[in-house]
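Chemist: Next come the chains, spelled out residue by residue.
4 protein chains.
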Amino acid sequence: MIEASKTGQKIEIITYGMVGGGGGAFIGDVHRRAIGLDGKAVLTAGCFSRSRDKTLAVGENLHLDNERLYTSYTEMAEAEGKRDDGIDFVSIVAPNNTHFPVAKAFLENGINIVCEKPLTTNADEAEQLAALAAKKDLLFCVTYTYTGCTAVKQAKEMIERGEIGDIRFVHAEYPQEWLAESIEKNPDNKQAVWRTDPKQTGISNCVGDIGSHIENLVSYVTGLEIESLCARLDKIGEGRILDDNATIMVNYKGGATGVYWSSQIAIGHDNDLSFRIYGSKGSIVWRQETQNYLKVTYLDKPTQTLSRGRDSFFPRAASVCRTPAGHPEGYFEAFATIYSTFIGALAKKKAGEKLTGDDLDFPTPADGIQGVRFIEKCVESSEKGVVWVDY
Amino acid sequence: MIEASKTGQKIEIITYGMVGGGGGAFIGDVHRRAIGLDGKAVLTAGCFSRSRDKTLAVGENLHLDNERLYTSYTEMAEAEGKRDDGIDFVSIVAPNNTHFPVAKAFLENGINIVCEKPLTTNADEAEQLAALAAKKDLLFCVTYTYTGCTAVKQAKEMIERGEIGDIRFVHAEYPQEWLAESIEKNPDNKQAVWRTDPKQTGISNCVGDIGSHIENLVSYVTGLEIESLCARLDKIGEGRILDDNATIMVNYKGGATGVYWSSQIAIGHDNDLSFRIYGSKGSIVWRQETQNYLKVTYLDKPTQTLSRGRDSFFPRAASVCRTPAGHPEGYFEAFATIYSTFIGALAKKKAGEKLTGDDLDFPTPADGIQGVRFIEKCVESSEKGVVWVDY
Amino acid sequence: MIEASKTGQKIEIITYGMVGGGGGAFIGDVHRRAIGLDGKAVLTAGCFSRSRDKTLAVGENLHLDNERLYTSYTEMAEAEGKRDDGIDFVSIVAPNNTHFPVAKAFLENGINIVCEKPLTTNADEAEQLAALAAKKDLLFCVTYTYTGCTAVKQAKEMIERGEIGDIRFVHAEYPQEWLAESIEKNPDNKQAVWRTDPKQTGISNCVGDIGSHIENLVSYVTGLEIESLCARLDKIGEGRILDDNATIMVNYKGGATGVYWSSQIAIGHDNDLSFRIYGSKGSIVWRQETQNYLKVTYLDKPTQTLSRGRDSFFPRAASVCRTPAGHPEGYFEAFATIYSTFIGALAKKKAGEKLTGDDLDFPTPADGIQGVRFIEKCVESSEKGVVWVDY
Amino acid sequence: MIEASKTGQKIEIITYGMVGGGGGAFIGDVHRRAIGLDGKAVLTAGCFSRSRDKTLAVGENLHLDNERLYTSYTEMAEAEGKRDDGIDFVSIVAPNNTHFPVAKAFLENGINIVCEKPLTTNADEAEQLAALAAKKDLLFCVTYTYTGCTAVKQAKEMIERGEIGDIRFVHAEYPQEWLAESIEKNPDNKQAVWRTDPKQTGISNCVGDIGSHIENLVSYVTGLEIESLCARLDKIGEGRILDDNATIMVNYKGGATGVYWSSQIAIGHDNDLSFRIYGSKGSIVWRQETQNYLKVTYLDKPTQTLSRGRDSFFPRAASVCRTPAGHPEGYFEAFATIYSTFIGALAKKKAGEKLTGDDLDFPTPADGIQGVRFIEKCVESSEKGVVWVDY
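Protein chains in written order, with the numbering used here: chain S, 20 to 410; chain U, 20 to 410; chain Z, 20 to 410; chain H, 20 to 410.
Next up, chain S with everything else stripped away, as it sits in the complex:
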């Protein structure tokens, strides 16, 4: 926290640090840009890499003070925890298997957390983090990107308000094509190498990486809870040990049913996350690649295309719009909305204000736990012979 006094007013600046995100990593850059888009927090500390040299290089490029560039995350957590002007929160964008110890260290030092998904590599650890954050009264956000999309928030509220009646069936999918060939055989293709390597990735590749976005998104939008599922995890690419294509039948509590499909071998799809939700009075369709629009059909009425910024959105969704209709928002805006909400909550909390539901409209460790459990259940179902497993 930096205090500044100019015209007599006290202006709080939210500051943050980053663990990971050095050395050309895509996702660290995304987090910094997403925060930069709104300019509500300033990066002031970092441990960008296990290599001290890399951390220094990245830090200088980002104009950080040398003394706040750390050799290890433990050093950083302790030092920042002690500083009067220590960071308000840390962004954890390091490899998945480090999320748990890193987040734990910062929580223990009283620092709020934003952590990439999947939160941890097993549900137990996720629960420990959730408990620790609660005990320490710290804010904790897991960056499931797509719940930050404006039209997704609109869909969520339309469903909450009963606009499409009782949900009956959900079709959600996330096809990609980037692993259609066994490109991990080329060691230079680091992203492919680690994603397909069980030692680095854990028990699932396709469900773990992208199937879990489906689970999170459907859960967020519909409020439905999974009762049981039946998952077939295919290992299609030559030599693959982990899944690269997954079909999952889902039964929800209350009787609705659904089917999810995620794939990394679906040639012709870039990043084609979508959901179609069918209720007793209407349906809502959303596709990430055309994320500024919602297709809504009510019984016996023509299909409507709602355009973000043009057509009436409910207050929460409207509040996260940054541009007028026809000026497309995209990937960074979704990320930025998650950060913006989190930072807003942090500022309110620091100012002693009470946080409302909308203030806390970002993915939490509870979502993270749910995500990890989903992955575990899918793998369990598939390994037992594609059978139904209860939640």
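Derived from the structure by calculation, the hints contain no laboratory data.
Zero decoy hints are in this set.
Intra- or inter-copy, both count: the list cannot distinguish identical chains.
Pairs of lysine to aspartate or glutamate, EDC-like flavour, derived with a Cα cap of 16 Å:
{"no.": "1", "residue 1": "Lys369", "residue 2": "Asp156"}
{"no.": "2", "residue 1": "Lys300", "residue 2": "Glu200"}
{"no.": "3", "residue 1": "Lys123", "residue 2": "Glu94"}
{"no.": "4", "residue 1": "Lys254", "residue 2": "Asp185"}
{"no.": "5", "residue 1": "Lys204", "residue 2": "Glu257"}
Starting from the known structure of chain S, fit chains U, Z and H onto it as the hints suggest.
Modeler: Chains U, Z and H in isolation, oriented as in the chain S frame:
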């Protein structure tokens, strides 16, 4: 058969009769229009209804001779089988549970058959018909409409030629919305009443009516054979005894997998049959409602939209185009292509010519049997608790 | 006319003849198929070619009586005019420059007319035909295809009822690509040769062939009358004497404005006729290649996609639907609806019934005259230096 | 410029100031966000409003030093010009009629410029600014947003490389709907009030605001120069003095032709800028609202959809991608790319490096002059009676 001699040439006219299709029935009209579009066969006899009066009324409207309007299908089969100028084939568009006896009667009287799908209400009867047709050396066509679409034939041949490599995954769906409400409670809504009534419809409504189109279409296009399946048949509409929404995981022989979804409660969908077929070298996407186009993506090449009539189609597909690019073909053309192929084969057979593969490119009893078995297996899987059943 | 008496009732069969349409001509086949789709009229006479042999060959293929296959259109007009069972109407699908004498001959012999567009090669002749038809009290239809599309009729009535308020601006276009290269240099490409040859085609190629469809369609849908226009007719393909691309600014009576674009060199477009009509309260967009849908936007309401067969269409449009929603209608259906309306009017007239507005909802010589005048005005404007010319 | 020395390296930070952009103005916020997205420049000074209080309030919110918040742009230009750590460039986002004096003041004090479009309200002033920037050797950027879109840069280079052959015809349009009703009658609707008021907006509303984007975009992508034009500027909304709908026929040097349409009354369109460029060997279509894709058709090859990030883009376009395929870029990215290029050029220039073509790939005063001239010519043509005027 009518013979006509004008300039010395003998011109064969193929003639046909119809069983069913009276009294405002939609599908009988479709068959007659589809034949009329190409003008290669002439309607000369009929038993359009169980009511003699209705048959007469329909027959007069269609300008038929009184003496060839029959009181029963048995009378018609016998009489036409004996006439020198008897019909070359009969179109059976009567209710599903009459297909078997009607087709049997005409086969026994030496008359070729075109029959609506589903061929019969159980696989045994379907096999009997196939055997009888073979024994009598008669042609037999089952009108699975969508294999008649030009772009479907193109997709089939692209796959046969290996253009998208080995097939890995199939996603096919057929959502409709017309049974989103329990409209069968209104007795005037006859279509809804009989479709949802197990006494009239048999063991399945949604899979039986439209899920079976998915099975037929995927089988035709890919050549894949189902090894096992796991089907969840939902009964969503209030009071429904039969399924109105179905999710089916499929394992094919050879290792490919797939998922099918058919629904009659999916608000926002008219008749939205589509397939997406993913191979090792590319993918092909087709949607019935925009049936003049194919979306094709090869590895590392931009996605292409092939336009029927514009872009190079292989000879079989090209041969069934009736209009240039941008002059849309639709539902009747698909039907007409099935009839046109069947009638062409009949004419060749009558002329003593040998029939090639393309001549016989229409759905046969073998497809009909497969369709009936698919329905049976889906119901079996679902009733046993949505478990895997072998084929 | 053939009379048939079976069960006591008299059933009228409408019969027709054809002039042109032999020798592999595309359009004659389209007319016959379009009539065959509905089966409301029967072909009984023809003069399909200037070659007697070709006429005989085509006629036999179509199972016509030898005695009603004629050597010349004059012979046919006279002979059919005298027969008791003479044709009710003639379809003229011969080259454009023969439309006038052929139509005149049949009118003079008391035979109703369906004639391909453009009606004549100059406005004077068109007016003569209109006058003659009126004097003889005969029905006369000009086959501007696209006014037969179901959704076009819906758009027309929505505008008539004031649903989009006062029309302010019209954007209509008809891009094609088939003349992007100078394929007329290959003499085998007959279609290209005659279209680009002023001797055969007249004063305009692009406006004459397809620009005139825009004019007819906009006029039909909006009821707007052109007050003045400013047309730039480009001759782009190497060696072209006639236009292959045309941009036309239009001022309508009453103050609305518009712009039309037609092209035969627009690579990437098949047959991409569309209109977008902007009123004070809403807009309507229609595209021929996706002709089963209308995009409608009202002020401050989400954009709607109306689906033919699903969403409420007004009675006239609803009456010409042949299939349920999601079962696409296309090119032949549009044609068939024009014929079906014309044949229905003829039957009513023969039965002595009074014809209402909907009975006469097919393009008439008045539309044909307007079309010819539009072409003349565009050429005049362009030749004078792309200046405004009054109507 | 701030210098920072940490590990021995000197890290240059580019700093900037802003004139305008206070008091809830949309566009100032957009500029700051666009810069924040890449984080390559830091805001250090500002004169955000004519009101000292507002400037202070905005400045504090943005964490600026009090001493660098100025009462007038002249004070700011002089003070920053004298400081050792003065701003590297100023962003001018004040009303259009202030662009000229503000830009002049900063140029005269040796400060580089980024200025909103339109550059000035007449071509003379635009030329003065261009000359002054050249004389002072300062960089000057005019923020025509859409040339910053990645796919637009790809289209430009495809055309430069001759991929679609010689350009023959251009169709470009920019329809919006926000002025469909005369909302300027409500004085609270400030945007509508000033846009439709000739005193504040100048000689044109619709062409000035959005038509000029068409001109800039087509010019950038094709390199074509206008030789003459014929423009019809409609004043449709009740009581409008300025145009709200414009149709413009264009003749380019070298013989190609085009048509532009811009509108603010086209109900159903948000911000629907698009171009379609037809060449002798192919065509390219781009639409701003789906800006991550290009539709490309080559003669006799299927239409391709190029996806940004997936399909091979040329180096310049590839260099401005921030996300992988399927992670949509939008409005802010286009803006950010213009800034990023400008800031990169500035950094290189400060480092004494030579600037190449790609370094200078941002809109310049030359584009600004061309834009102002286009507006003047359109108004001249329309006022003279929609006649052709030479450039």
